[in-house]
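Each chain, written out:
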Amino acid sequence: MNGMRRAAIALMALMLVLTACGDDSGGEVQAADCNVGEIDRTTLNFYNWSDYMDPDLIEAFETEYGVDVVESFYESNEAMLSQLQSGVVYDLVVPSDYMIKIMIDENLLFQLDKDALVNYGNLAEDFRTQPYDPNGDFSVAYQYGTTGLGVNLEAVGEDFVESWALIFDPEITQHFAGGVSVLDDPRETMGAALEYLGYSLNDTDMSHLEEATQLIQDAKAHIATFDSDQYSENLALGEVAVAHGYSGNMIVDIGSADNPENFVYILPEEGATLWIDNMAIPTTSAAPCTAHAFIDFLLDAENGAQLTNWNYYGSPNEAATPFIEQEVVDFYADTADANLEVIEDQGDYEINYTDGLARAKG
Amino acid sequence: MSISAGVRPKSPTERMLAGNAWLVYAFFYAPILVLIVFSFNENNNVGIWTEPSLRWYRDVLANDAVMSAIRVSLIVAAISTVVSTILGTMTALSLERFRYRGRRAFDGLVYLPIIIPDVTMAVMLLLFFAQSFQWLDAALGWRPSFGIATISLSHIAFNISFVAVVVRARLGQLDARLEEAAADLYATRWQAFRRVTFPLIAPGVVGGALLALTLSLDDVVVTSFVAGPGSTTLPVYVFGLVRRGVTPLINAVSTLMLVASMVLIAISLGFQRTSRSRVAIREQELEPN
Amino acid sequence: MALPETAAPELELDSRRAESRRGFLIGLPAWAYLTIFFALPLVIVLVYSFATRSSTGRTQLTGWNLDSYRRLVDPFVFEVFQRSFFLALTTTLICLLVSYPFAYYIATRGARLRNILLVMVMIPFWSNFLVRTYAWKVLLGSDGPISQLSQALGGEPIRLLFTNTAVLIGLVYGFLPFMVLPLYAALERMDWSLVEAARDLYADGWTAFRKVTWPLSRPGVIAGSILVFVPALGAYVTPAILGGARTTLVGDYIVDQFLAARNQPFGSALSMGIMLVLLAATVIYFRSGAKEV
Chain L
17 MNGMRRAAIA LMALMLVLTA CGDDSGGEVQ AADCNVGEID RTTLNFYNWS
67 DYMDPDLIEA FETEYGVDVV ESFYESNEAM LSQLQSGVVY DLVVPSDYMI
117 KIMIDENLLF QLDKDALVNY GNLAEDFRTQ PYDPNGDFSV AYQYGTTGLG
167 VNLEAVGEDF VESWALIFDP EITQHFAGGV SVLDDPRETM GAALEYLGYS
217 LNDTDMSHLE EATQLIQDAK AHIATFDSDQ YSENLALGEV AVAHGYSGNM
267 IVDIGSADNP ENFVYILPEE GATLWIDNMA IPTTSAAPCT AHAFIDFLLD
317 AENGAQLTNW NYYGSPNEAA TPFIEQEVVD FYADTADANL EVIEDQGDYE
367 INYTDGLARA KG
Chain E
5 MSISAGVRPK SPTERMLAGN AWLVYAFFYA PILVLIVFSF NENNNVGIWT
55 EPSLRWYRDV LANDAVMSAI RVSLIVAAIS TVVSTILGTM TALSLERFRY
105 RGRRAFDGLV YLPIIIPDVT MAVMLLLFFA QSFQWLDAAL GWRPSFGIAT
155 ISLSHIAFNI SFVAVVVRAR LGQLDARLEE AAADLYATRW QAFRRVTFPL
205 IAPGVVGGAL LALTLSLDDV VVTSFVAGPG STTLPVYVFG LVRRGVTPLI
255 NAVSTLMLVA SMVLIAISLG FQRTSRSRVA IREQELEPN
Chain P
416 MALPETAAPE LELDSRRAES RRGFLIGLPA WAYLTIFFAL PLVIVLVYSF
466 ATRSSTGRTQ LTGWNLDSYR RLVDPFVFEV FQRSFFLALT TTLICLLVSY
516 PFAYYIATRG ARLRNILLVM VMIPFWSNFL VRTYAWKVLL GSDGPISQLS
566 QALGGEPIRL LFTNTAVLIG LVYGFLPFMV LPLYAALERM DWSLVEAARD
616 LYADGWTAFR KVTWPLSRPG VIAGSILVFV PALGAYVTPA ILGGARTTLV
666 GDYIVDQFLA ARNQPFGSAL SMGIMLVLLA ATVIYFRSGA KEV
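Residue numbers (my numbering), protein chains in the order written: chain L, 17 to 378; chain E, 5 to 293; chain P, 416 to 708.
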């Protein structure tokens with residue numbers, strides 16, 4: 017009993033200590049102040065998604081500026097956030113749209129010195145201001161894409177409605193050999209269900225969310241897999257008839273299939289997701305000016321084009337368009353007309369999307 | 005005292021056991037075969053075979069990120085295997101052969117890393133390192149960084165328990181009187197340990213070490229949380245690639261690692277043979293005719 | 416105790432104390448290591464399980480509460496846990512059934528062959544886990560060898576992928592060495608003369624096995640079962656890739672809390688809950704094993 021009491025006291029003491037140490041978020045916004053092409057440190061810690069940056073571009077930057085770029089990779093925004101909040105030092109990160117807002121709220125990002133970004137004008141107007149970063153003070157768009165449906169024409173037929181029904185309506189999906197694949201991402205999947213039901217993917221009404229949960233549960237019998245990684249490979253392999261996923265992967269994997277003309281990527285008419293990944297500089301960075309130089313480097317028209325030609329995602333860099341492969345330009349040209357929404361962080365409500373998906377899976 | 009020391013007729017049970025063993029090995033190596041075959045696939049997509057090609061093997065050596073990841077993985081695995089095997093063996097001995105106050109608490113503590121979910125271990129280590137680095141910075145002005153050190157420390161933390169469990173299973177089989185007799189024979193406990201106990205538990209220690217090595221080389225969740233810039237290990241790198249699509253590049257890397265380990269094994273077995281035959285020759289020389 | 420009876424009682428006590436101290440000291444380095452790098456971090460998680468989650472997902476170390484623990488009794492959480500439990504149990508049983516004869520076979524070979532066979536067990540696992548799992552995807556897919564075999568036999572193409580069977584195959588495959596190694600370690604050092612004697616005594620080999628070999632190998636069985644069951648309970652990557660992530664398992668649920676949901680307090684409470692259950696289960700299992708030996 018003595019030991020237990022001592023343990024309890026120690027625990028409470030620790031709690032008090034940790035409370036006292038408290039949060040180091042909040043406080044003033046840190047503004048960067050850099051000259052054009054200034055290099056404050058010759059090592060740049062670049063934290064990015066895997067296979068998202070052309071190694072040749074890295075080399076070109078290293079040669080031009082005499083900097084050593086150390087690349088590290090993460091597989092989710094949240095994992096990246098976790099690292100940053102623990103004080104791990106990175107100089108440049110590539111968060112997605114909703115994550116930028118969270119990071120701004122948490123005061124984790126440097127306010128950019130636009131004077132140091134000579135090529136800023138290359139960025140298309142639409143991408144300079146977004147709800148998650150109203151004045152574009154903290155982030156510069158890197159690549160964008162859409163989330164839609166990859167369809168195997170052989171399995172589905174030529175004549176079909178471009179709708180989320182292709183994955184959510186059992187009447188339709190029951191005829192597909194192999195079933196369908198749906199993203200394992202709470203915001204994307206619950207969002208798609210909400211859009212199919214006629215709501216916004218940023219809807220915050222619990223009763224609507226429950227409808228969406230029920231919809232997915234009813235559709236589950238023909239959902240072969242919830243997969244955020246291998247959906248396009250599975251589609252190209254013929255394992256599933258319809259796959260919910262991101263545009264870039266779709267292009268690449270459909271292209272490497274036995275019979276690419278049998279596949280098509282569509283954006284459902286009820287609405288789909290437009291997502292934008294952005295470059296941002298964490299406040300823990302020891303080399304904000306070098307980071308600015310790198311951002312500026314990527315904003316160059318030809319460099320921006322080289323990036324897109326390498327990873328097949330959409331380029332927010334208007335000046336780069338003439339240098340981008342026609343195939344990719346055509347692919348993303350349609351997105352201008354489509355019914356698209358950007359995912360926005362919903363604060364306290366956010367957790368319900370995750371719970372909703374977990375429950376839908378059962 | 006192995007039962008197969010002499011010649012025995014092959015009973016039906018023997019045959020079944022052998023047959024079962026073959027099946028199990030086939031089971032073990034089936035995906036490995038697939039893995040190797042597809043490393044020669046021309047196509048990007050791992051599942052769709054197009055034509056044979058060596059391009060991925062060429063790419064491996066050129067790919068800095070992969071080579072760096074392999075290097076980090078091997079360093080971390082080496083450090084964590086050695087340290088955790090030593091600490092784990094000591095733990096097993098301490099728990100199994102001695103009685104002292106607090107032994108139960110220690111016993112419990114050693115089992116916790118085995119029953120804790122990966123993610124919890126990952127997060128708690130991240131929080132711990134983050135917090136201690138903050139304190140160290142405030143107290144000493146020195147802020148350590150996340151990297152090979154933090155990954156190794158984390159791997160050791162869970163490996164000690166696994167090594168201990170394996171060695172204990174072995175110790176549990178041994179007759180303690182053998183060691184007590186050795187204690188009578190030899191002047192110091194250390195000699196008794198070195199000449200009697202250790203050889204007896206050696207297979208357990210080796211088993212534990214192999215387990216620790218495997219766990220370290222394959223760890224994803226814990227490593228991805230406590231790694232830092234430039235210290236990505238191979239499994240974490242592959243896990244990250246999954247987002248964009250696994251290409252046969254990783255098959256090529258895996259095949260190379262398999263070949264490397266098999267070569268190492270062959271070499272070490274060759275050494276054992278030579279040393280054993282040398283011992284045999286020595287024994288013959290010493291034998292009175 | 417192998418001490419001569421003529422020793423003075425005080426000397427005997429001293430010697431026992433010295434033994435005791437030696438044991439303590441041998442274990443001390445590991446104890447210290449685990450206290451710093453495991454117990455302390457664990458306490459941090461325990462503390463976090465009582466914390467609150469801010470609207471941006473940050474953990475606030477104020478407003479201590481039991482909300483996260485209250486959620487643990489939600490029927491959904493129970494369902495998730497139950498599913499993972501039975502999956503882990505099945506995996507463990509299959510591993511045991513497959514590994515025992517296998518480990519027995521290896522343990523009864525000659526010394527050099529034993530080592531080679533053992534290492535051949537480990538080698539596949541020095542390749543990358545994800546790559547192996549994707550290789551299983553190919554094997555179990557619609558175009559894989561199993562499917563082609565059934566087609567050759569005149570049947571339908573079988574797709575084992577995205578089924579519970581596939582998940583079991585993947586899990587058993589991944590955890591088999593964890594069962595083989597402890598079993599081998601226990602079997603290899605058995606006193607085979609006891610088994611021979613038992614064979615002479617009993618009418619058939621099966622009774623000899625049941626009465627002698629099996630009980631003697633029990634420490635290995637227990638160690639192996641724990642080494643398989645526990646991680647299998649928290650496994651989620653293999654079930655996701657081979658099973659299609661069509662149901663929520665405990666491991667995935669916890670990962671979700673720490674990453675996607677950024678709800679560290681609930682993730683911590685879940686982890687604590689799982690650990691307590693596993694702790695209770697292993698203690699019970701251990702006690703039952705110890706009683707019968």
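These are calculated hints, taken from the structure and not from any lab test. Some hints here could point you the wrong way.
To be verified - Which residues of chain P face chain L? A partial, calculated answer using Cβ under 10 Å:
| no. | residue |
| --- | --- |
| 1 | 429 |
| 2 | 473 |
| 3 | 496 |
| 4 | 579 |
| 5 | 660 |
| 6 | 663 |
What the hints assert, rightly or not - Over the 12 Å line for every Cβ pair with chain P, so calculated as not near, a few chain E residues:
| no. | residue |
| --- | --- |
| 7 | 18 |
| 8 | 35 |
| 9 | 61 |
| 10 | 68 |
| 11 | 79 |
| 12 | 94 |
| 13 | 122 |
| 14 | 144 |
| 15 | 145 |
| 16 | 147 |
| 17 | 152 |
| 18 | 193 |
| 19 | 198 |
| 20 | 239 |
| 21 | 265 |
All C-beta atoms, glycine included, are put in the ideal place defined by N, C-alpha and C.
Now for the hints, and whether the structure bears them out:
no., hint, verdict
1, 429, "violated (28 Å)"
2, 473, "holds (7 Å)"
3, 496, "violated (13 Å)"
4, 579, "violated (13 Å)"
5, 660, "holds (4 Å)"
6, 663, "holds (5 Å)"
7, 18, "violated (9 Å)"
8, 35, "violated (4 Å)"
9, 61, "holds (15 Å)"
10, 68, "holds (18 Å)"
11, 79, "holds (16 Å)"
12, 94, "violated (5 Å)"
13, 122, "violated (6 Å)"
14, 144, "holds (17 Å)"
15, 145, "holds (21 Å)"
16, 147, "holds (18 Å)"
17, 152, "holds (15 Å)"
18, 193, "violated (7 Å)"
19, 198, "holds (14 Å)"
20, 239, "violated (6 Å)"
21, 265, "violated (5 Å)"
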